[in-house]
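Please build the complete structure, drawing on both the sequences and the hints.
Protein chains in written order, with the numbering used here: chain A, 60 to 486; chain B, 4 to 99.
Just so you know, the hints here were simulated from the structure itself, not pulled from any lab data.
We put the CB at the ideal spot given by N, CA and C, even for glycine.
Don't take every hint at face value.
[Said to hold, decoys possible] Straight-line Cα separation of at most 30 Å, DSSO-like style, residue types lysine-lysine; simulated pairs: (1) A/LYS440 to B/LYS73; (2) A/LYS440 to A/LYS334; (3) B/LYS73 to A/LYS427; (4) B/LYS35 to A/LYS133; (5) A/LYS188 to A/LYS334; (6) B/LYS23 to B/LYS35; (7) A/LYS133 to B/LYS73.
[Said to hold, decoys possible] Computed far set for chain A versus chain B, every beta-carbon distance over 12 Å: (8) ALA64; (9) GLY271; (10) TYR311; (11) HIS406; (12) ALA411; (13) GLN421; (14) PRO434; (15) LYS469; (16) LEU477.
The chain contents come next:
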Amino acid sequence: MPTVAVHTHVFARLARAVAQANGMPTMRQAFVPQPVVGRSAAELRAYIDGADPVNDRSFVESVIGGLTRPLGDKDRAVSYARTTARLLDADTEDDLQRQFQENRWTDYAPIVLPTEDRVAAMLAGTSRKPDEVVGRLAPTRYREFWEFTVEKVAVNAVMAGASPHYMPVILAMAASGVSGRSSSTTSQATVALVNGPIRDEIGMHYGIGAMGPYSHANVTIGRAFGLASQNLQGGSVPQETYMGSQGNFLNYNAMFAENEQASPWEPFHVQHGFKPEDSTVSLFLGGWYTVFGGGPRETWEAKFTRSLQACDPYTGPIIALDPLVARGFVDRGFDTKQKLVDWCVEHARLPAREYWDNQWIQTLHHPKALAGIEPYASRLKAAPDELIRIFAPEDIHVVVVGGETGAMWKMVGGGPRLNIVHIDAWR
Amino acid sequence: MSSAIRVHDPRGYPPEIVGKQLAPRLEDLDGKTLYLVDCLFDNSEVFIEQLRQWFGEHFPRTDIRLDRPKESWVDDPELRARVEAGADAAILGVGL
Numbered sequence: 060m061p062t063v064a065v066h067t068h069v070f071a072r073l074a075r076a077v078a079q080a081n082g083m084p085t086m087r088q089a090f091v092p093q094p095v096v097g098r099s100a101a102e103l104r105a106y107i108d109g110a111d112p113v114n115d116r117s118f119v120e121s122v123i124g125g126l127t128r129p130l131g132d133k134d135r136a137v138s139y140a141r142t143t144a145r146l147l148d149a150d151t152e153d154d155l156q157r158q159f160q161e162n163r164w165t166d167y168a169p170i171v172l173p174t175e176d177r178v179a180a181m182l183a184g185t186s187r188k189p190d191e192v193v194g195r196l197a198p199t200r201y202r203e204f205w206e207f208t209v210e211k212v213a214v215n216a217v218m219a220g221a222s223p224h225y226m227p228v229i230l231a232m233a234a235s236g237v238s239g240r241s242s243s244t245t246s247q248a249t250v251a252l253v254n255g256p257i258r259d260e261i262g263m264h265y266g267i268g269a270m271g272p273y274s275h276a277n278v279t280i281g282r283a284f285g286l287a288s289q290n291l292q293g294g295s296v297p298q299e300t301y302m303g304s305q306g307n308f309l310n311y312n313a314m315f316a317e318n319e320q321a322s323p324w325e326p327f328h329v330q331h332g333f334k335p336e337d338s339t340v341s342l343f344l345g346g347w348y349t350v351f352g353g354g355p356r357e358t359w360e361a362k363f364t365r366s367l368q369a370c371d372p373y374t375g376p377i378i379a380l381d382p383l384v385a386r387g388f389v390d391r392g393f394d395t396k397q398k399l400v401d402w403c404v405e406h407a408r409l410p411a412r413e414y415w416d417n418q419w420i421q422t423l424h425h426p427k428a429l430a431g432i433e434p435y436a437s438r439l440k441a442a443p444d445e446l447i448r449i450f451a452p453e454d455i456h457v458v459v460v461g462g463e464t465g466a467m468w469k470m471v472g473g474g475p476r477l478n479i480v481h482i483d484a485w486r
Numbered sequence: 004m005s006s007a008i009r010v011h012d013p014r015g016y017p018p019e020i021v022g023k024q025l026a027p028r029l030e031d032l033d034g035k036t037l038y039l040v041d042c043l044f045d046n047s048e049v050f051i052e053q054l055r056q057w058f059g060e061h062f063p064r065t066d067i068r069l070d071r072p073k074e075s076w077v078d079d080p081e082l083r084a085r086v087e088a089g090a091d092a093a094i095l096g097v098g099l
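Structure, rendered in C-alpha cells:
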C-alpha cells in the first residue's frame, strides 16, 4: 500500500541511503525540522503546517503527494549486485595515503598501507583461510549488513599497525557482530575486555596504565577493531553511516585486559561459564560516561550510591576496580564479584519521576512497561517520588584492572549488550 | 619520484540491492482509511496526534486510525497485519 515515512531533517541523507539499500530509492519520505523531542503540541503542529526542509515544498505537500502522486519511470524496481575490489590500482604511497583518507577509510591518524606482502604476513597469525567469511557488520542493526573475510580483517589489522600475533583477538572481535563504530545518535563506543592466557602470550597490558596508551597490543588491537568496523560494515561517515551527535573519545580505543593475577575474585570470563584456560574477548556497547573514585574508604557507600545514581539509567556500568580496591572490598565482606553487584543493584535507585523522564527509558522501556513486561511494568506503577531500582544484576559488570599504584576505580557505561567471544577458535 | 605499489581495498562486501516495487498511489484520500503509525520515539505520539487533528480538519472524509508497535525498534508482525488488513495507505513517524 502507499506509505510515507516521516523523518527529521538531519536524518535525510541516512533515510535516503537506507531506502536505496532496501531497493526503494524513490520511497516517499517527508521531513520535519529536528528536534521532535521536547517540542510542545503547538510547536509540532507548526512543523506540520510549515515547510519540508529537505524536499523544498510544504510538509503536507510531501505527505499528500507521497500518497497520491502517480508513480513514474524512476520508481521502477531495479536489482543489482555490488562488490568491492580485492586490490586497488597501483599508485604512490603518498597518493594512496591521501586516497585512504579522502575515502574515509582511516581514523585520520596515519595508517600502514596494506601491501600484499604485509597482508600475507598478517594472515600468518591465524590458521583460518584468507577467503573464509568471518561475519557481517552494520553501523546499527537497522542498516544493511556487509560481509567480510579473514583477509579483509587482516588488511585492516595491517592498517592499524597490529602484529600478526594479535590476529586471533582481532578476528574474534570482528566475528562478534558488534561494531566498534556504532551509528547511534547517543555516540556509543564499544568497550572490549580480554581474559585468559592470550593476554600474556601477546603482551597485553593489565597493570599500570592498562586503559591508556602503554601497550602495543592494547593500542593496535583496539585501533584495528575500529578501522575494521568502519570499513567492513560499509563506512562510518557523518550523516550517512554515523549519526553520533557528539562522538566519543573511546571510539579511538577502549581495549583492555583484566588483571586476573592480582584479582581476589574469579576472572570475568569464568563468571560467564568459560574455563580459566580459555581466552575470550567481551564486548560492551556503551562507553557514554565515566565516574571516578578512590577507596573503599569510610564513606564508600555514600560515594558508590551517588556514583550509581549518576550513571545513565538505561545502561548499567562496567565497574573497573584496581586490585587494591578489589581487595578492600574483600576486607569488607564482598568475597565475590556478585556480592558487590548485588549491593549495587540494591542501592542504585532513582525517583520514578526522574527514571521515566530519561529519553531512552521513555523511548525503549516505556512501551515495554505498557505491554506489561517486567520489571518495567512495576517501575511504571511506582509513585513519582518512590525510589525505584534502575538496574538488574546482569546490567552491572565488575572487572579488576590496574597496577596498584593507587586505590582507584571507574564506572564506565557498559550498556545492555554484552557479547563474549572465544578467541581460541580464531588462532 | 616514488614508485607505484599495489595495496588491498579495506572494505567489506555489500549485499546485493534487491529492488522492490512501490505500491501504486491512491487517486485521492476521500473515503479511504489512513493509518498513522507512531514509531514510539520520545514525543512522537504528540506529533502523530497533531497529524491526526490536521487530517481531521482537512480530510474529514478520510478515516484516520492510530496504531503503534508493541515495542520500540522491533518488528511487530501483528501491527503490520493490522495495517495490511485495514489500511488503504499509511504514514509512519517520526524519529528523533
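Status of each hint after checking the structure:
Only pairs whose Cα atoms come within 30 Å are accepted, and A/LYS440 paired with B/LYS73 is accepted, the gap being roughly 19 Å. Of the supplied pair hints, the one linking A/LYS440 and A/LYS334 is violated, its CA atoms being roughly 42 Å apart against a limit of 30 Å. For the given pair, B/LYS73 sits about 7 Å from A/LYS427 by alpha-carbon distance, which is consistent with the 30 Å threshold. Pair hint B/LYS35 plus A/LYS133 holds up; C-alpha atoms about 26 Å apart against a cutoff of 30 Å.
The suggested pairing of A/LYS188 with A/LYS334 holds, with an alpha-carbon distance near 27 Å, which does not exceed 30 Å. For the given pair, B/LYS23 sits about 24 Å from B/LYS35 by alpha-carbon distance, which is consistent with the 30 Å threshold. Distance hint between A/LYS133 and B/LYS73 is unfulfilled; the C-alpha atoms sit about 35 Å from each other, more than 30 Å. Not every beta carbon of chain B lies more than 12 Å from that of A/ALA64, the smallest distance being close to 5 Å; the non-interface claim is violated.
Taking the minimum C-beta to C-beta distance to chain B, about 27 Å, the non-interface status of A/GLY271 holds against the 12 Å cut. No beta-carbon of chain B comes within 12 Å of the beta-carbon of A/TYR311; the shortest separation is about 17 Å. Under the 12 Å C-beta cut-off, the non-interface status given to A/HIS406 relative to chain B holds; the minimum distance is some 28 Å. Consistency note on A/ALA411: stated as away from chain B, and its beta-carbon is indeed over 12 Å from all of that chain's, at 17 Å minimum.
The claim that A/GLN421 lies off the interface is violated: its Cβ sits roughly 5 Å from the closest Cβ of chain B, which falls inside the 12 Å cut-off. Its beta-carbon lying about 15 Å from the closest one in chain B, A/PRO434 satisfies the requirement of being farther than 12 Å from that chain. At the 12 Å boundary, the C-beta of A/LYS469 stays outside the reach of chain B, the nearest C-beta of that chain being 29 Å off. The beta carbon of A/LEU477 is kept farther than 12 Å from every beta carbon of chain B, the shortest such distance being approximately 18 Å.
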